[in-house]
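Trainee: Sequence:
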Amino acid sequence: MSYRPTLSATNDGRQGTILDTLGLNKLNFDTLHHDVRRNLTKVDPRLTEDLKNITLLLKEEKNILSSLQNVAHERREVSKHIFVWGKEDNSEDIADITEKLANLLEKIADAETVLCEKYDHYRNLLKEIREADQRLHTPKERRRKVNEEISRLMKSHPGSPRIQELQNDLQRINTVSTVDELEVGNIKRQKLKEALMIQMNAIFETAEKIAIITGFGLYLLEYINTTPAKVGEPRPKYDSFNATQEVVKECQIALHRWQSPSTDIKELLPALTNTAPAQLAAQKQEYEEKIAQIQSTMTSQRQASDDQIAELLKKLADQKKTFEDQIVELTTTFATQKEAYESQINDLSDSVSTQKHFYEVQLNDLGSALAAQREESGTKISELESKNQQFQMQIQQFEAKISELTAALNSEKEKNETQLKEHNVILSQKQEYEIQIREKDALITKLQNEMNSVATEKGKLSQLVKDLEETLKSKTSTLDQKEEKIGRLEDDISSIKSQLAGLKLTPSPPIPSNEGAGPSSNRSAVSGAGPTAASPPRSSASVDVAAVSTEQQDGLSRAPSVAQHMGPPFQQQPLYVAPGPGYQPQGGYVGQNVSPLPNQAGGFVGGFFLNEQIDEAPPAYDGPPKDGFPGDEKRNEKS
Numbered sequence: 000m001s002y003r004p005t006l007s008a009t010n011d012g013r014q015g016t017i018l019d020t021l022g023l024n025k026l027n028f029d030t031l032h033h034d035v036r037r038n039l040t041k042v043d044p045r046l047t048e049d050l051k052n053i054t055l056l057l058k059e060e061k062n063i064l065s066s067l068q069n070v071a072h073e074r075r076e077v078s079k080h081i082f083v084w085g086k087e088d089n090s091e092d093i094a095d096i097t098e099k100l101a102n103l104l105e106k107i108a109d110a111e112t113v114l115c116e117k118y119d120h121y122r123n124l125l126k127e128i129r130e131a132d133q134r135l136h137t138p139k140e141r142r143r144k145v146n147e148e149i150s151r152l153m154k155s156h157p158g159s160p161r162i163q164e165l166q167n168d169l170q171r172i173n174t175v176s177t178v179d180e181l182e183v184g185n186i187k188r189q190k191l192k193e194a195l196m197i198q199m200n201a202i203f204e205t206a207e208k209i210a211i212i213t214g215f216g217l218y219l220l221e222y223i224n225t226t227p228a229k230v231g232e233p234r235p236k237y238d239s240f241n242a243t244q245e246v247v248k249e250c251q252i253a254l255h256r257w258q259s260p261s262t263d264i265k266e267l268l269p270a271l272t273n274t275a276p277a278q279l280a281a282q283k284q285e286y287e288e289k290i291a292q293i294q295s296t297m298t299s300q301r302q303a304s305d306d307q308i309a310e311l312l313k314k315l316a317d318q319k320k321t322f323e324d325q326i327v328e329l330t331t332t333f334a335t336q337k338e339a340y341e342s343q344i345n346d347l348s349d350s351v352s353t354q355k356h357f358y359e360v361q362l363n364d365l366g367s368a369l370a371a372q373r374e375e376s377g378t379k380i381s382e383l384e385s386k387n388q389q390f391q392m393q394i395q396q397f398e399a400k401i402s403e404l405t406a407a408l409n410s411e412k413e414k415n416e417t418q419l420k421e422h423n424v425i426l427s428q429k430q431e432y433e434i435q436i437r438e439k440d441a442l443i444t445k446l447q448n449e450m451n452s453v454a455t456e457k458g459k460l461s462q463l464v465k466d467l468e469e470t471l472k473s474k475t476s477t478l479d480q481k482e483e484k485i486g487r488l489e490d491d492i493s494s495i496k497s498q499l500a501g502l503k504l505t506p507s508p509p510i511p512s513n514e515g516a517g518p519s520s521n522r523s524a525v526s527g528a529g530p531t532a533a534s535p536p537r538s539s540a541s542v543d544v545a546a547v548s549t550e551q552q553d554g555l556s557r558a559p560s561v562a563q564h565m566g567p568p569f570q571q572q573p574l575y576v577a578p579g580p581g582y583q584p585q586g587g588y589v590g591q592n593v594s595p596l597p598n599q600a601g602g603f604v605g606g607f608f609l610n611e612q613i614d615e616a617p618p619a620y621d622g623p624p625k626d627g628f629p630g631d632e633k634r635n636e637k638s
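Throughout the sequence shown, residue numbering follows numbering that gives the first Met the number 0, covering 0 to 638 in sequence.
Think of the hints as simulated: they come from the structure by calculation, not from any bench. Possibly wrong hints are sitting among the right ones.
To be verified - Computed list of lysine-lysine pairs in BS3-like fashion (alpha-carbon distance at most 27 Å, straight line): (1) 144 <-> 187; (2) 457 <-> 386; (3) 139 <-> 58; (4) 319 <-> 337; (5) 139 <-> 126; (6) 248 <-> 236; (7) 61 <-> 117; (8) 51 <-> 187; (9) 472 <-> 484; (10) 126 <-> 51; (11) 289 <-> 248; (12) 187 <-> 58; (13) 420 <-> 439; (14) 472 <-> 457; (15) 496 <-> 445; (16) 412 <-> 439; (17) 126 <-> 187; (18) 190 <-> 126; (19) 61 <-> 187; (20) 117 <-> 58; (21) 439 <-> 400; (22) 459 <-> 445; (23) 386 <-> 496; (24) 386 <-> 459; (25) 61 <-> 192; (26) 51 <-> 190; (27) 58 <-> 192; (28) 58 <-> 190; (29) 400 <-> 414; (30) 117 <-> 190; (31) 355 <-> 337.
Quick caveat: nothing in here was measured; it's all calculated off a predicted structure.
When you get a sec, could you build the whole thing from the sequences and use the hints?
Mentor: Right, here's the structure in full:
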C-alpha cells in the first residue's frame with residue numbers, strides 16, 4: 000500500500016494543500032539560506048548546550064549583517080536606476096530632482112555600509128565571549144560527570160566510600176574553576192557592554208545620518224511643481240538647478256560636521272520619543288532658526304562670493320579683451336607672415352614644379368633617346384655581328400677558293416708541263432697564261448688586301464661595339480658626355496663609311512674558251528665560278544663598293560657583299576684533254592665571241608707564259624699589325 004499524504008483542513012475552513020501539510024506555505028525563498036544556517040546550527044552535534052545559544056545568536060547576527068549588506072547594495076542599485084530613469088524623462092525638473100535624490104540615496108548606502116562594518120565588529124566581540132565560554136567547558140564537563148557519578152552511587156550504594164572521594168574531587172574542581180568562572184564573567188560583561196555599545200552607537204549614527212539625508216531629501220521634493228498643467232499650456236520652466244545643488248552641498252556639509260554625542264545618550268531619549276511633543280516642537284523651531292541663520296550666512300557669503308566673482312569676472316574680461324587684442328594682433332601678424340610664406344611657398348612650388356617638369360621632360364627625352372640609342376645600338380650590334388659572321392664566312396670561302404685555286408694551279412702546272420712536251424700548240428697561249436697568272440696574282444693580292452681591310456674593319460667594328468656598350472653602360476653620365484660620345488661614334492661611323500666607300504675592286508676580263516677544245520672543256524668545273532660560253536664579257540671598269548652598298552635608316556652603311564668584293568672569278572684556261580680518235584682540229588675558239596690571244600714572248604713558268612718575271616706572292620694575313628691600324632691613334636685621342 001503506497002503512502003498518500005492526508006490533506007488536512009486549514010483554520011479558515013478551506014481544504015489544505017500539500018504545501019500546507021509539509022509546512023512549506025510559509026517558506027520564504029529570500030530567507031532560505033538564513034533558515035538553513037539557523038537549522039543546521041540547531042542540529043549541529045559538535046555544539047554543547049552551553050555554547051549552542053550563543054552560537055545561534057551569532058548565526059542570527061550573521062543573517063542580519065548579510066541582510067544589511069544586501070540592503071546597502073540594493074540601495075546603491077536603486078540610486079543608479081532612479082538616476083537613469085529620471086534622465087529618460089524629458090522633464091528637466093524630474094531629471095534634476097532624481098539625479099540629486101540618487102546622490103542622497105548613495106549617501107544613505109554609504110551610511111549603511113559603515114553600519115555593516117561596525118556590526119561586523121560587534122559580532123567579533125560576541126565571538127570573543129563565545130571563546131571565553133569555551134574555556135569553562137572542560138571544568139563544567141568534569142563537574143557534570145562527577146555529579147552524575149555521585150548521584151548514581153547514592154542510588155545504588157549509599158554507603159560506598161567512593162562517594163566521599165567524588166565529593167572531595169567535586170569540591171576541588173569547584174575551587175579551581177571558581178577563579179576561571181570569575182575571570183570569564185568579568186570578560187563577558189566587559190565584552191558584552193562594548194559590543195552592545197558599538198551596535199547601538201552604529202545604529203544611532205546610521206539613524207542620525209539617514210535622518211539628516213532624508214530631511215534634505217524632503218527639502219528637495221519641494222522643488223517639484225505639482226500644479227496640474229492644462230491642455231495646450233506649457234509647464235513652467237524649471238530653474239532650480241542651483242538651488243538643488245546647494246541642498247546637496249549642505250547635506251554633505253551636515254554629514255561631514257556630524258559627531259557622536261560626547262554626553263550620555265539618555266539626555267536625548269525624551270527628544271527621540273513621542274512622549275514630548277513640546278520638546279520636539281522646540282527642537283524643530285531651534286533647527287529652523289539654525290537653518291535660517293545658516294541660510295542668511297550662506298546668503299551673505301554668497302553675496303560676497305558673487306561680488307568677488309563679479310570682480311574676478313571683470314578682471315578676467317579685461318584680461319580676455321587684452322588677450323584677444325594680442326591674439327588679433329598676433330593673428331594678423333601670423334596671417335601676414337603666413338601669406339608671405341604661402342606666396343614664397345607657391346613661388347617655390349611653381350619654380351620647383353617647373354624645374355621638375357623641365358627635368359622630367361629632359362629625363363623622358365633622355366630616356367627615350369637612350370632607349371632609341373640602345374635599340375639602334377642593339378640593332379647595329381646585331382647587324383655588325385651578322386656582317387662579321389658574313390665576313391668570316393666570306394673569308395672562309397675565299398680561303399677555300401684560294402686552296403682550291405692553289406690545288407688547281409698545282410694540278411694544272413703538272414699537266415701543263417706534260418702538255419708542253421706533247422703539244423707545242425700551247426706555246427701560242429703563253430701570253431694568255433702570263434696575263435692570267437698576273438691577274439690571278441693581282442686578284443690574290445687584292446684578296447689579301449681585302450682580308451687586311453676586313454680585319455681592320457673588324458677591329459674597328461669591335462672597338463665600335465665596345466664604345467657602344469660603354470655608351471649603354473654609362474646611362475647616368477650627363478647629356479653632354481653622351482652627346483660627345485655619340486658625336487665620336489658618328490665620326491667613327493663616318494670614317495668607316497668613307498673607308499668602306501673607298502674600297503674598289505677591278506674585275507678581271509673574261510677569258511675566251513674554245514668549245515670542244517681539250518684544255519678548255521673542264522675550265523668551268525675547275526674554277527667553280529667562271530662565266531658560261533653564252534655570258535657576255537664583263538667590263539673592266541672598277542666597281543664602287545659604296546655605290547653598291549645600301550644606306551640603312553640609322554645612317555650606317557652596310558658592308559659590300561661578297562660578290563661586290565670578289566668581282567668576276569678567275570678567267571683560267573680550261574684543262575687539257577687528250578684528243579680521241581677521229582679528232583679534227585678546229586680553227587679559232589668555238590663558243591666564244593673573242594679571238595685567241597696572240598703568242599707573246601716570255602718565259603714559261605708553271606705552265607704559263609710570262610712576258611715579265613713572276614712577282615713574289617703577297618704574304619698571308621696574320622691578323623692586325625702590332626702598332627694598330629692607321630686610325631687608332633686618332634680614335635684614342637678622341638675617347
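Trainee: Against this structure, judge whether each hint is valid.
Mentor: Status of the hints after comparison with the structure:
For the hint linking residue 144 to residue 187, the alpha-carbon distance of about 25 Å falls within 27 Å, and the restraint holds. For the suggested pair residue 457 and residue 386, the alpha carbons sit about 10 Å apart, so the restraint of at most 27 Å is met. At roughly 24 Å between alpha-carbon atoms, residue 139 and residue 58 fall within 27 Å of each other, so this suggested pair holds. A C-alpha spacing of about 25 Å is found between residue 319 and residue 337, which places the hinted pair at or below 27 Å, so the restraint holds.
Between residue 139 and residue 126 the CA atoms are separated by roughly 20 Å; this keeps the pair inside 27 Å, and the hint holds. For the hint pairing residue 248 with residue 236, the CA-to-CA distance comes to about 23 Å; that is within 27 Å, so the pair holds. A distance of roughly 13 Å separates the Cα atoms of residue 61 and residue 117; the hinted pair therefore holds under the 27 Å criterion. Taking the CA atoms of residue 51 and residue 187, the gap is near 16 Å; set against the 27 Å cutoff, the hint holds.
Proximity of residue 472 to residue 484 is assessed by CA-CA distance (about 12 Å); at most 27 Å being required, the pair is judged to hold. The straight-line distance between the Cα atoms of residue 126 and residue 51 is roughly 13 Å, inside the 27 Å bound, and the hint therefore holds. For the hint pairing residue 289 with residue 248, the CA-to-CA distance comes to about 17 Å; that is within 27 Å, so the pair holds. Simply put, residue 187 and residue 58 have alpha-carbon atoms about 19 Å apart, close enough for the 27 Å limit, and the pair holds.
This hinted pair checks out: residue 420 and residue 439 have alpha carbons roughly 25 Å apart, not beyond 27 Å. With a C-alpha separation of about 22 Å, the suggested pair residue 472 and residue 457 falls inside the 27 Å cut-off, and the hint holds. For the proposed pair residue 496 and residue 445, the alpha carbon gap of about 20 Å is at most 27 Å, so the pair holds. Our distance criterion of 27 Å between C-alpha atoms is met by residue 412 and residue 439, whose separation comes to about 14 Å.
Of the supplied pair hints, the one linking residue 126 and residue 187 holds, its CA atoms being roughly 11 Å apart against a limit of 27 Å. Proposed proximity of residue 190 and residue 126 is supported: the alpha carbons are some 10 Å apart, at most 27 Å. Annotation: proposed proximity of residue 61 to residue 187 holds, straight-line Cα distance about 20 Å (limit 27 Å). Note on residue 117 and residue 58: the hinted pairing holds, with a Cα-Cα distance of about 17 Å set against a maximum of 27 Å.
Restraint check for residue 439 and residue 400: satisfied, since their Cα atoms lie roughly 12 Å apart, inside the 27 Å limit. For a cut-off of 27 Å, the pair hint linking residue 459 to residue 445 stands: about 20 Å separates their Cα positions. The straight-line distance between the Cα atoms of residue 386 and residue 496 is roughly 14 Å, inside the 27 Å bound, and the hint therefore holds. A threshold of 27 Å between alpha carbons decides the hint, and for residue 386 with residue 459 the separation of about 13 Å falls inside it, so the pair holds.
Between residue 61 and residue 192 the CA atoms are separated by roughly 19 Å; this keeps the pair inside 27 Å, and the hint holds. Restraint check for residue 51 and residue 190: the C-alpha separation of about 19 Å stays at or below 27 Å, so the hint holds. Between residue 58 and residue 192 the alpha-carbon distance is near 20 Å, which keeps this suggested pair within the 27 Å criterion. Among the hinted pairs, residue 58 with residue 190 is consistent with the structure: their alpha-carbon atoms are about 18 Å apart, no more than 27 Å.
This hinted pair checks out: residue 400 and residue 414 have alpha carbons roughly 20 Å apart, not beyond 27 Å. Under the criterion of a C-alpha separation no larger than 27 Å, the hint pairing residue 117 with residue 190 is consistent with the structure, at around 15 Å. Distance hint between residue 355 and residue 337 is fulfilled; the C-alpha atoms sit about 25 Å from each other, no more than 27 Å.
Of the hints listed earlier, there is not a single one the structure fails to meet.
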